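Residue numbers (the numbering used here), protein chains in the order written: chain P, 1080 to 1212; chain C, 1080 to 1212; chain G, 199 to 322; chain D, 199 to 322.
The hints are simulated quantities; they were obtained by calculation from the structure and are not laboratory data.
Mixed in with the good hints, there may be bad ones.
Below, computed lysine-lysine pairings styled on DSS-like, alpha-carbon distance capped at 27 Å [as the list claims (entries may be wrong)]:
(1) 1089/P to 1145/C
(2) 1134/P to 1201/C
(3) 1201/C to 1141/C
(4) 1201/P to 1208/C
(5) 1201/P to 1141/P
(6) 1089/P to 1208/C
(7) 1134/C to 1134/P
(8) 1201/C to 1145/C
(9) 205/D to 313/D
(10) 1145/C to 1089/C
(11) 1201/P to 1145/C
(12) 1089/C to 1141/C
(13) 1145/P to 1201/P
(14) 1208/P to 1187/P
(15) 1089/P to 1134/P
(16) 1187/P to 1141/P
(17) 1145/C to 1208/C
(18) 1134/C to 1201/C
(19) 1089/P to 1145/P
(20) 1134/P to 1145/C
(21) 313/G to 313/D
Restraint ranges, calculated between C-beta atoms of paired labels, are given here [claimed, not checked]:
(22) 1164/C to 237/D: 41 to 51 Å
(23) 1174/C to 294/D: 47 to 57 Å
(24) 1211/C to 236/D: 52 to 62 Å
(25) 236/G to 1191/C: 26 to 36 Å
(26) 1147/P to 259/D: 35 to 45 Å
(27) 247/D to 1090/P: 17 to 27 Å
(28) 1113/P to 228/G: 53 to 63 Å
(29) 1113/P to 293/D: 28 to 38 Å
(30) 1092/P to 1164/C: 36 to 46 Å
(31) 270/G to 259/D: 35 to 45 Å
(32) 219/D to 1194/P: 24 to 34 Å
(33) 1196/C to 1163/P: 12 to 22 Å
One-sided and incomplete, this derived list gives chain D residues near chain G with beta-carbon spacing under 8 Å [claimed, not checked]:
(34) 200
(35) 205
(36) 234
(37) 235
(38) 266
(39) 269
(40) 281
All figures in this text were calculated on a predicted structure; none of them were measured in a lab.
Ideal Cβ placement from N, Cα and C applies to all residues, glycine included.
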Amino acid sequence: MKDEVRVTIKSDVDVVAARQEGRALAAHLGFSTGDLALIATAISEVARNIVNYAKQGEIILKVAEKDGRYGIVVVARDQGPGIADVARAMQDGHSTSGGLGLGLPGSKRVMDDFDIVSEVDKGTTVTMKKWAR
Amino acid sequence: MKDEVRVTIKSDVDVVAARQEGRALAAHLGFSTGDLALIATAISEVARNIVNYAKQGEIILKVAEKDGRYGIVVVARDQGPGIADVARAMQDGHSTSGGLGLGLPGSKRVMDDFDIVSEVDKGTTVTMKKWAR
Amino acid sequence: MRVPILKQGPYLIASVQSALTDADLLQMRDDLARLVGQHRSHGVVVDVTALDVLDSFAARTLRTMAYAIRLRGAQMVIVGIQPEVAFAMVQLGLSLPGVDTALDLEEGLALLNRKTSEDHASEG
Amino acid sequence: MRVPILKQGPYLIASVQSALTDADLLQMRDDLARLVGQHRSHGVVVDVTALDVLDSFAARTLRTMAYAIRLRGAQMVIVGIQPEVAFAMVQLGLSLPGVDTALDLEEGLALLNRKTSEDHASEG
Ligand SMILES: Nc1ncnc2c1ncn2[C@@H]1O[C@H](COP(=O)(O)OP(=O)(O)O)[C@@H](O)[C@H]1O
Ligand SMILES: Nc1ncnc2c1ncn2[C@@H]1O[C@H](COP(=O)(O)OP(=O)(O)O)[C@@H](O)[C@H]1O
């Protein structure tokens, strides 16, 4: 098993690839079927945001370990336009594109850790973690 | 193909003319049938708002180009009463005339860019853009 | 242009043309409500096949019309909403709650036949 | 990969595959709206049994699709949402308001039969 998987995100096909890679890695780490669906969905959301708002970027999947427990780390990174009001973007239903506005807040809900750093004109990095039970 | 089409908006007949001109220009730019319906509907909404709320004004249709991609720019401009609370007017279901209150927020949803500038007693300008895929 | 309205047996058929103005739509609404009474029609088909845009004013007027015609004791069905018009409506947030729709004139008339025999069924 | 769409009597069945891209989903949406007219179908089953993720884009598109197909005079039902996919949707905050769902293809077809015969019930 590789320590790190990188998926370049440029189009909707890469969004599928990223969630499949994430699911495979998480399955390997012993996550339950329920958790696999949560992880794959969260990856799908942040990867699509890259395509929609930043045109391109990457998803990095890593293994975390702490006190003998394994976890998955998902980093979604782009050098796109960034988010002016991150607090607002994290609100349920807020979308600048006519979307449902549930991608970011929903992903935060289903992962154990969720961190977002964004700077206008510099880009956005979302880092999410989930531990296997 | 002219670079710019102007349609004077004074009555419901002009609303039809504006959306037909917009559809023709967009068809020329290679938009899909689905997008043509979206563009024509959005033009219909902002043109009708001119008739309803400002009595008269104009719709300006322009071509945009960026990195070899074409787009359509729709400007709806009037010197009517303006909108006191633009944020409120942009909310689904808000109408001061017993309408559905979906014209402005709906148009924003279906176009790629949407910008509205309004000043009380001065008038309103809506600028919308959509890119051909 | 005034929307032509045809009488076909117990039904009325209104065929909307592409360049439908708000005034034409309101005229059709009033014509239909009047003609339903005049011809004692049991149903109305509004055919929008030719229409390339169904915006918020049209959606609202069609809704109002369907309810008013029901209050006059008849049924109304809208037929011929084109796929791209349907998607545009949905994306704009428009809907026709409580209004019957069918694919085309034939299906619309079939729906009216079923609906009106429903009324008669419970009558007997 | 384009979603295969089968005609079965008065219905259309779309069988979504696991690696569904956004473009595939939009293509299926457009194909279904067109085919409903072409085959005069009264109902559409979208089978998502193979799907392991139903994210916010998919949820929104399925909703749009169901409403648009209704405007075209047909019924749509989604079948085969897997338990873990359903839980993930709920936890993310996604829902399919006003959209019919059934356990599997068989139940979906039965639901369509009931829905469309509801219209027909009073015919005889
Ligand atoms: N990678 C990104 N780059 C720039 N803006 C983003 C990015 N991701 C999200 N956003 C902004 O945050 C908003 C909320 O995102 P999200 O919750 O995923 O909902 P949606 O994508 O449905 O709008 C988006 O509408 C967009 O304005
Ligand atoms: N051009 C305009 N001039 C003045 N007020 C406007 C204009 N366009 C929209 N408005 C205001 O914004 C509100 C919302 O507009 P809209 O979303 O199109 O819904 P509706 O026209 O159905 O009310 C209107 O009710 C009106 O008060």
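Outcome of the hint check:
| no. | hint | verdict |
| --- | --- | --- |
| 1 | 1089/P to 1145/C | holds, 19 Å |
| 2 | 1134/P to 1201/C | violated, 38 Å |
| 3 | 1201/C to 1141/C | holds, 24 Å |
| 4 | 1201/P to 1208/C | holds, 24 Å |
| 5 | 1201/P to 1141/P | holds, 24 Å |
| 6 | 1089/P to 1208/C | holds, 23 Å |
| 7 | 1134/C to 1134/P | violated, 41 Å |
| 8 | 1201/C to 1145/C | violated, 32 Å |
| 9 | 205/D to 313/D | holds, 18 Å |
| 10 | 1145/C to 1089/C | violated, 33 Å |
| 11 | 1201/P to 1145/C | holds, 21 Å |
| 12 | 1089/C to 1141/C | holds, 20 Å |
| 13 | 1145/P to 1201/P | violated, 32 Å |
| 14 | 1208/P to 1187/P | holds, 10 Å |
| 15 | 1089/P to 1134/P | holds, 6 Å |
| 16 | 1187/P to 1141/P | holds, 18 Å |
| 17 | 1145/C to 1208/C | holds, 12 Å |
| 18 | 1134/C to 1201/C | holds, 13 Å |
| 19 | 1089/P to 1145/P | violated, 33 Å |
| 20 | 1134/P to 1145/C | holds, 15 Å |
| 21 | 313/G to 313/D | holds, 14 Å |
| 22 | 1164/C to 237/D: 41 to 51 Å | holds, 49 Å |
| 23 | 1174/C to 294/D: 47 to 57 Å | violated, 28 Å |
| 24 | 1211/C to 236/D: 52 to 62 Å | violated, 26 Å |
| 25 | 236/G to 1191/C: 26 to 36 Å | violated, 49 Å |
| 26 | 1147/P to 259/D: 35 to 45 Å | holds, 42 Å |
| 27 | 247/D to 1090/P: 17 to 27 Å | holds, 26 Å |
| 28 | 1113/P to 228/G: 53 to 63 Å | holds, 58 Å |
| 29 | 1113/P to 293/D: 28 to 38 Å | violated, 18 Å |
| 30 | 1092/P to 1164/C: 36 to 46 Å | holds, 43 Å |
| 31 | 270/G to 259/D: 35 to 45 Å | holds, 39 Å |
| 32 | 219/D to 1194/P: 24 to 34 Å | holds, 28 Å |
| 33 | 1196/C to 1163/P: 12 to 22 Å | holds, 18 Å |
| 34 | 200 | violated, 17 Å |
| 35 | 205 | violated, 15 Å |
| 36 | 234 | holds, 7 Å |
| 37 | 235 | holds, 6 Å |
| 38 | 266 | holds, 4 Å |
| 39 | 269 | holds, 4 Å |
| 40 | 281 | violated, 29 Å |
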